[in-house]
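Add chain S to chain A, keeping to what the hints say.
Chains A and S are the protein sequences, given in the same order. With the first letter of the first sequence counted as 1, position 8 gets the number 205 in this note's numbering; the numbers rise by one all the way through. With the first letter of the second sequence counted as 1, position 126 gets the number 323 in this note's numbering; the numbers rise by one all the way through.
Any given hint could turn out to be false.
Because identical chains cannot be distinguished in the list, a pair is counted as satisfied if it fits within a single copy or across any two copies.
[As the list claims (entries may be wrong)] As a list, the in silico SDA-like pairs of lysine to any residue whose alpha-carbon atoms are at most 20 Å apart:
#1 354 - 329
#2 239 - 377
#3 354 - 268
#4 239 - 262
#5 413 - 370
#6 246 - 267
#7 377 - 414
#8 354 - 343
#9 200 - 253
#10 320 - 268
#11 320 - 224
#12 409 - 259
#13 239 - 266
#14 354 - 328
#15 246 - 351
#16 200 - 320
#17 320 - 267
#18 200 - 267
#19 200 - 346
#20 354 - 338
Hints in this document: simulated from the structure, not taken from any laboratory. Values in this document were obtained by computation on a predicted structure and should not be read as measured data.
Number of protein chains: 2
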Amino acid sequence: MNKALVVLSGGQDSTTCLYWAINEFGRENTSSLSFDYDQRHKIELESAKKVSEIAAVAHEILPINTFSALGGNALTDNIDVADDLTVAEEINNTSQLPNTFVPGRNLIFLTFAAAYAYQRGIKHLISGVAQTDYSGYPDCRENTLSFLEQTLRLGMKYNFTIHTPLMNLNKSDTVMMAEKLGAMDAMAYTHTCYNGEQPPCGHCQACLFRAKGFAKANRVDPLIEPFQFFKN
Amino acid sequence: MNKALVVLSGGQDSTTCLYWAINEFGRENTSSLSFDYDQRHKIELESAKKVSEIAAVAHEILPINTFSALGGNALTDNIDVADDLTVAEEINNTSQLPNTFVPGRNLIFLTFAAAYAYQRGIKHLISGVAQTDYSGYPDCRENTLSFLEQTLRLGMKYNFTIHTPLMNLNKSDTVMMAEKLGAMDAMAYTHTCYNGEQPPCGHCQACLFRAKGFAKANRVDPLIEPFQFFKN
Numbered sequence: 198m199n200k201a202l203v204v205l206s207g208g209q210d211s212t213t214c215l216y217w218a219i220n221e222f223g224r225e226n227t228s229s230l231s232f233d234y235d236q237r238h239k240i241e242l243e244s245a246k247k248v249s250e251i252a253a254v255a256h257e258i259l260p261i262n263t264f265s266a267l268g269g270n271a272l273t274d275n276i277d278v279a280d281d282l283t284v285a286e287e288i289n290n291t292s293q294l295p296n297t298f299v300p301g302r303n304l305i306f307l308t309f310a311a312a313y314a315y316q317r318g319i320k321h322l323i324s325g326v327a328q329t330d331y332s333g334y335p336d337c338r339e340n341t342l343s344f345l346e347q348t349l350r351l352g353m354k355y356n357f358t359i360h361t362p363l364m365n366l367n368k369s370d371t372v373m374m375a376e377k378l379g380a381m382d383a384m385a386y387t388h389t390c391y392n393g394e395q396p397p398c399g400h401c402q403a404c405l406f407r408a409k410g411f412a413k414a415n416r417v418d419p420l421i422e423p424f425q426f427f428k429n
Numbered sequence: 198m199n200k201a202l203v204v205l206s207g208g209q210d211s212t213t214c215l216y217w218a219i220n221e222f223g224r225e226n227t228s229s230l231s232f233d234y235d236q237r238h239k240i241e242l243e244s245a246k247k248v249s250e251i252a253a254v255a256h257e258i259l260p261i262n263t264f265s266a267l268g269g270n271a272l273t274d275n276i277d278v279a280d281d282l283t284v285a286e287e288i289n290n291t292s293q294l295p296n297t298f299v300p301g302r303n304l305i306f307l308t309f310a311a312a313y314a315y316q317r318g319i320k321h322l323i324s325g326v327a328q329t330d331y332s333g334y335p336d337c338r339e340n341t342l343s344f345l346e347q348t349l350r351l352g353m354k355y356n357f358t359i360h361t362p363l364m365n366l367n368k369s370d371t372v373m374m375a376e377k378l379g380a381m382d383a384m385a386y387t388h389t390c391y392n393g394e395q396p397p398c399g400h401c402q403a404c405l406f407r408a409k410g411f412a413k414a415n416r417v418d419p420l421i422e423p424f425q426f427f428k429n
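Okay, chain A solo, but in the shape it has when bound (with noise of 0.2 Å):
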């Protein structure tokens, strides 16, 4: 009766996040839900759509047509996406927050999450959010989630548990518990790429976040096999 469900983005955060939630709540009380918010790079449902099939759990698509109703941002307007890694550094060593942040952007997702779960007596809730490496959004952050949990449990009158495994991870720390919680199949159809670009950009802040982390981890990213899924 430990239901779970995971926000998954089609990421390899998010995907990690799904192996994690199948270890913990077994597969049968698994499930994930992603967000179709006129994201730039829409192919990340179609990563989230297949990566739940190869983890074999039930996947939902929520539409939110509200972030580019409000617009001024990267992720969904036609801004263009830093792709300097130091830029990414200086996030979070500055007050200065990157184009790419929608405010609210993880808040909105949990809450729907929430409302979704609350729906289908779930309880757990899982976010592949991450404070380290380049997360210079504030919605990550531990402190912001815990507030979260707390206003979602009063707001539904519903116990919910936000669960962040990877929050004080590093990208390579990620990559070793992806290979571990044998995530390595579905890995190879996440999709990172900012630019939403396929085979990835290569330059963009996310690009070069994930192929650090797997050099770092000494693995190679299994990314580069399947260019023809995205292909067709």
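Using the frame of chain A, we list chain S on its own:
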């Protein structure tokens, strides 16, 4: 520079709050935001627009298509709305939630309002929620909103304040406040009925509480006059 944003449903309470904000922050610093979330009572968006016109503040409508995709509640689906006052009053005494409960609705509204405000340098968010009367909704309560405020501050790195001027008022207090703030002209165009009917159905929870409030305050509901507005 103290700019304020009122989450305006087009109903009696949020309209009163709009005038509260004008009084508190000045008309030139106040704007209003409504949500088109495929509510059954879309007529309230017409009310919100008209109320903002009368109050002479800028007004915008943001779409949210997620609630109807989530389904399962009387405010967006074709489920009968409970029309018995007793049911409503029982809510505060039991753990049962009304079938108009959209899980997390106010959390989502305020989070999107915060994202909108963030982009415009607005730090004050005003919501017409109240924990008195018929609010069986846990996301209308003071402690929920206090945690949400902290979540938004942390999650967007921005010093928001959520104001809830009606939190501990009953409906007749709200009527008196509206009168004192000069909101009665606008009040004539507000929409309350949960069944989305115009003239109001008169027997849903919202209609009954509104009528009770005006009766207790010894005031005539100005809504009676301008039915022709809604007929056009």
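How the hints compare with the structure:
When the C-alpha separation of residue 354 and residue 329 is checked against a cutoff of 20 Å, the pair qualifies only between copies, where the shortest distance is 17 Å, while the shortest distance within a copy is 31 Å. In the homo-oligomer, the alpha carbons of residue 239 and residue 377 never lie at most 20 Å apart, since the shortest distance is 29 Å inside one protomer and 51 Å across protomers. When the C-alpha separation of residue 354 and residue 268 is checked against a cutoff of 20 Å, the pair qualifies only between copies, where the shortest distance is 19 Å, while the shortest distance within a copy is 32 Å. Taking the shortest Cα distances, residue 239 and residue 262 sit within 20 Å of each other both inside one copy (13 Å) and across copies (17 Å).
Taking the shortest Cα distances, residue 413 and residue 370 sit within 20 Å of each other inside one copy (9 Å), while across copies they are farther apart (64 Å). For a Cα distance limit of 20 Å, the shortest separation of residue 246 from residue 267 across copies, 19 Å, qualifies, whereas the shortest one inside one copy, 27 Å, does not. In this assembly of identical chains, the alpha carbons of residue 377 and residue 414 lie at most 20 Å apart only when taken from the same copy (12 Å versus 67 Å across copies). For the identical chains of this complex, residue 354 and residue 343 are neighbours both inside a copy (16 Å) and across copies (15 Å), given an alpha-carbon limit of 20 Å.
Only within a single protomer do residue 200 and residue 253 lie at most 20 Å apart by alpha-carbon distance; the minimum there is 15 Å, versus 50 Å between protomers. For a Cα distance limit of 20 Å, the shortest separation of residue 320 from residue 268 across copies, 19 Å, qualifies, whereas the shortest one inside one copy, 32 Å, does not. For the identical chains of this complex, residue 320 and residue 224 are intra-copy neighbours only, at 16 Å inside a copy versus 44 Å across copies, given an alpha-carbon limit of 20 Å. Proximity of residue 409 to residue 259 under the C-alpha cut-off of 20 Å is found in neither arrangement, the shortest distances being 32 Å within a copy and 39 Å between copies.
For the identical chains of this complex, residue 239 and residue 266 are neighbours both inside a copy (17 Å) and across copies (19 Å), given an alpha-carbon limit of 20 Å. Taking the shortest alpha-carbon separations for residue 354 and residue 328, only the inter-copy value of 14 Å comes in at or below 20 Å, while the best intra-copy value is 28 Å. For a Cα distance limit of 20 Å, the shortest separation of residue 246 from residue 351 qualifies neither inside one copy, at 32 Å, nor across copies, at 32 Å. In this homomeric assembly, residue 200 and residue 320 come within 20 Å of each other (Cα to Cα) only inside a single copy, at 6 Å, whereas the closest approach across copies is 38 Å.
Taking identical chains as interchangeable, the C-alpha atoms of residue 320 and residue 267 lie at most 20 Å apart only when they sit on different chains, with a minimum of 17 Å there against 30 Å within one chain. In this homomeric assembly, residue 200 and residue 267 come within 20 Å of each other (Cα to Cα) only across copies, at 18 Å, whereas the closest approach inside a single copy is 33 Å. Taking CA atoms no more than 20 Å apart as the test, residue 200 paired with residue 346 passes inside one copy only; the shortest distance there is 17 Å, against 29 Å between copies. When the C-alpha separation of residue 354 and residue 338 is checked against a cutoff of 20 Å, the pair qualifies only between copies, where the shortest distance is 11 Å, while the shortest distance within a copy is 24 Å.
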